[in-house]
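These protein sequence lines are chains A and B, in that order.
FYI, the numbering for the first sequence is 0 to 235, going by numbering that gives the first Met the number 0.
FYI, the numbering for the second sequence is 0 to 268, going by numbering that gives the first Met the number 0.
Bear in mind the hints are in silico, worked out from the structure with no lab data behind them.
Predicted, not measured: the structure shown is a model, and the values here were computed from it.
Treat each hint with caution, since some may be false.
[What the hints assert, rightly or not] List of simulated lysine-lysine pairs, BS3-like, C-alpha gap at most 30 Å: (1) B:K257 - A:K6; (2) A:K105 - A:K18; (3) B:K134 - B:K81; (4) A:K192 - A:K18; (5) A:K148 - A:K117; (6) B:K33 - B:K257; (7) B:K115 - B:K134; (8) A:K148 - B:K257; (9) A:K18 - B:K257; (10) A:K117 - A:K135; (11) B:K255 - A:K148; (12) B:K134 - B:K33; (13) A:K17 - B:K134; (14) B:K255 - A:K6; (15) B:K147 - B:K134; (16) A:K148 - A:K18; (17) B:K155 - B:K81; (18) A:K6 - A:K18; (19) A:K6 - A:K105; (20) A:K135 - A:K105; (21) A:K17 - B:K255.
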Amino acid sequence: MNEHTVKSYEEELALLDKKIAQMGGMAEQLLGQSLGALERRDPQLAEDVVLADKQIDALERDIEEQVISMIARRQPMADDLRHIMGALRITTDLERIGDLAKNIAKRALAIADESHPKPLMSGIRHMVELALHQLKEVLDAYAERDADKALNVWRNDAEIDAMYNSLFRELLTYMMEDPRNIGISTHLLFGAKNIERVGDHTTNIAETVHFLVRGFNITDDRPKDDQTSSTLISGS
Amino acid sequence: MLKMPTLDIHDTSTDARTETKVAATDVNVYYGEKHALQSVSVNIPDRAVMAFIGPSGCGKSTFLRCINRMNDTIPIARVTGKIIIDNQDIYDPSLDVVQLRARVGMVFQKPNPFPKSIYENVAYGPRIHGLCHSKTDLDEVVQSSLEKAGLWNEVKDRVNEPGTGLSGGQQQRLCIARAIAVNPEVILMDEPCSALDPIATARIEELIDELRKNFCIIIVTHSMQQAARVSQRTAFFHLGTLVEEGPTTEIFTNPKDKRTQDYITGRFG
Chain A
0 MNEHTVKSYE EELALLDKKI AQMGGMAEQL LGQSLGALER RDPQLAEDVV LADKQIDALE
60 RDIEEQVISM IARRQPMADD LRHIMGALRI TTDLERIGDL AKNIAKRALA IADESHPKPL
120 MSGIRHMVEL ALHQLKEVLD AYAERDADKA LNVWRNDAEI DAMYNSLFRE LLTYMMEDPR
180 NIGISTHLLF GAKNIERVGD HTTNIAETVH FLVRGFNITD DRPKDDQTSS TLISGS
Chain B
0 MLKMPTLDIH DTSTDARTET KVAATDVNVY YGEKHALQSV SVNIPDRAVM AFIGPSGCGK
60 STFLRCINRM NDTIPIARVT GKIIIDNQDI YDPSLDVVQL RARVGMVFQK PNPFPKSIYE
120 NVAYGPRIHG LCHSKTDLDE VVQSSLEKAG LWNEVKDRVN EPGTGLSGGQ QQRLCIARAI
180 AVNPEVILMD EPCSALDPIA TARIEELIDE LRKNFCIIIV THSMQQAARV SQRTAFFHLG
240 TLVEEGPTTE IFTNPKDKRT QDYITGRFG
């Protein structure tokens with residue numbers, strides 16, 4: 000791609016990408032730390048995550064302001080317009096991912112004193128690892144303008160959904176075994192749901208990257224595998 | 000599922016609704032040795048606005064001027080190829096060029112009212128083409144043309160004052176009134192707003208939007224934002240060729256050709 004005749008426009012677009020990369024890195028870090036806080040029952044780490052989320056929020060506002068200013072001053076067209084609008088949408092998804100990580104950290108704080116059921120924790124760990132991998136892939140896809148990579152991320156979300164389904168069933172069973180498990184299980188269930196939501200936001204980013212590169216939306220129907228909203232394990 | 004109401008900003012459906020008004024096939028223009036326009040073929044729809052964009056010297060004005068044979072006035076210019084307006088070849092030697100220019104009106108970059116009264120500026124065309132048979136007829140045509148051009152309310156008390164006394168934006172609207180007074184079918188506009196301030200420009204753009212209900216409008220503009228705002232289809236010219244033509248929304252959000260992309264995003268040169 001040739002450079003813009005106006006150099007400062009080029010610089011502003013590069014700066015926008017730099018900020019998105021920075022925000023993406025922070026979201027990844029927060030999600031990883033929220034898992035650490037949960038696994039190691041580390042209240043300090045959990046507090047750090049809650050505080051760090053504020054930085055993501057600040058970065059979101061910063062990117063938003065830059066986008067508004069660029070639209071007003073540059074009247075972007077074609078791929079520039081898709082680039083700038085894409086950045087705005089991605090920034091919203093990343094901010095939500097930060098919020099979800101913060102919510103996991105808050106739950107880690109709430110259940111820090113309880114004993115954590117090992118097999119369930121490893122399920123959560125796998126979900127986070129997969130979600131982190133997906134997030135990294137989609138951020139790479141954005142940086143490299145790689146629509147195929149974005150499409151892959153988009154397709155792989157079904158795996159997170161499947162893991163969430165099985166974890167959901169396990170947690171219900173665990174609660175039925177002993178009512179004293181209900182407190183921690185509910186927190187873990189919301190934690191798992193949060194990770195599943197991270198996957199959905201990652202998928203949104205993948206759609207945005209695809210549109211940004213190719214100029215049209217992904218048209219296939221995404222395989223949707225979260226069946227928990229229609230699942231019930233009866234006690235009888 | 001709820002059916003959402005749709006707002007068709009650029010009304011690309013005009014493509015399907017309206018038929019082709021102007022059909023150009025393999026049009027070439029030579030200025031002496033210079034091959035200024037190379038094999039341009041394009042269909043221009045009726046009751047819609049088509050914008051020609053491109054850097055200076057790309058051939059867009061040259062092509063525009065082919066559509067009412069303005070290039071005939073340049074001795075060294077030679078035009079080949081075919082331009083059909085409503086099944087009629089406009090380069091047919093038996094065609095009356097004066098009649099053609101009544102059907103295909105033109106508005107220029109610089110407002111150029113005749114050094115006559117506002118009334119006479121508009122009345123001149125209908126009179127020489129014999130369109131009106133009485134003073135009352137002529138009065139009506141003058142008033143309705145000025146109304147369509149959005150100028151009537153501003154000048155109705157002083158139609159006998161010279162047209163050159165109006166502001167730039169008003170003069171340009173007077174030129175548009177003059178062009179539509181002879182009942183044209185096609186209106187060519189060669190950078191009609193480049194000498195106007197933003198408010199006068201907005202009024203002309205509003206007018207263009209109004210006029211497109213009844214006319215086929217072709218506008219050459221250097222302002223891409225203007226092309227994006229007023230047109231339903233856009234054609235991009237570069238180095239004497241027509242590079243890409245399509246619905247305006249597509250050209251400005253997802254152009255197919257890299258040269259179009261580079262031009263509209265400001266990456267040329």
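Consistency of the hints with the structure:
With a CA separation close to 20 Å, the supplied pair K257 (chain B) and K6 (chain A) stays within the 30 Å bound. A distance of roughly 26 Å separates the Cα atoms of K105 (chain A) and K18 (chain A); the hinted pair therefore holds under the 30 Å criterion. Using a Cα cut-off of 30 Å, the hinted pair K134 (chain B) and K81 (chain B) is violated, with the two alpha carbons roughly 40 Å apart. Simply put, K192 (chain A) and K18 (chain A) have alpha-carbon atoms about 28 Å apart, close enough for the 30 Å limit, and the pair holds.
In summary, the hint linking K148 (chain A) to K117 (chain A) is not supported, as the alpha carbons are separated by about 34 Å, beyond the 30 Å threshold. For a cut-off of 30 Å, the pair hint linking K33 (chain B) to K257 (chain B) stands: about 26 Å separates their Cα positions. For a cut-off of 30 Å, the pair hint linking K115 (chain B) to K134 (chain B) stands: about 18 Å separates their Cα positions. Between K148 (chain A) and K257 (chain B) the CA atoms are separated by roughly 23 Å; this keeps the pair inside 30 Å, and the hint holds.
The straight-line distance between the Cα atoms of K18 (chain A) and K257 (chain B) is roughly 27 Å, inside the 30 Å bound, and the hint therefore holds. Straight-line distance between C-alpha atoms of K117 (chain A) and K135 (chain A) comes to about 27 Å, which keeps the hinted pair within the 30 Å bound. Distance check on the hinted pair: K255 (chain B) and K148 (chain A) sit about 22 Å apart at the alpha-carbon level, within 30 Å; holds. At most 30 Å may separate the alpha-carbon atoms for a hinted pair to count; K134 (chain B) and K33 (chain B) exceed this at roughly 49 Å.
Only pairs whose Cα atoms come within 30 Å are accepted, and K17 (chain A) paired with K134 (chain B) is rejected, the gap being roughly 71 Å. The straight-line distance between the Cα atoms of K255 (chain B) and K6 (chain A) is roughly 24 Å, inside the 30 Å bound, and the hint therefore holds. Of the pairs offered as hints, the one joining K147 (chain B) and K134 (chain B) holds, with about 20 Å between alpha carbons and a cut-off of 30 Å not exceeded. Taking the CA atoms of K148 (chain A) and K18 (chain A), the gap is near 21 Å; set against the 30 Å cutoff, the hint holds.
For the hint pairing K155 (chain B) with K81 (chain B), the CA-to-CA distance comes to about 43 Å; that exceeds 30 Å, so the pair is violated. The straight-line distance between the Cα atoms of K6 (chain A) and K18 (chain A) is roughly 19 Å, inside the 30 Å bound, and the hint therefore holds. Distance restraint check for K6 (chain A) and K105 (chain A): the Cα-Cα separation of roughly 45 Å exceeds the 30 Å cut-off, and the hinted pair is therefore not satisfied. Among the hinted pairs, K135 (chain A) with K105 (chain A) is consistent with the structure: their alpha-carbon atoms are about 24 Å apart, no more than 30 Å.
Proposed proximity of K17 (chain A) and K255 (chain B) is supported: the alpha carbons are some 28 Å apart, at most 30 Å.
The earlier numbered hints that this structure contradicts are 3, 5, 12, 13, 17, 19.
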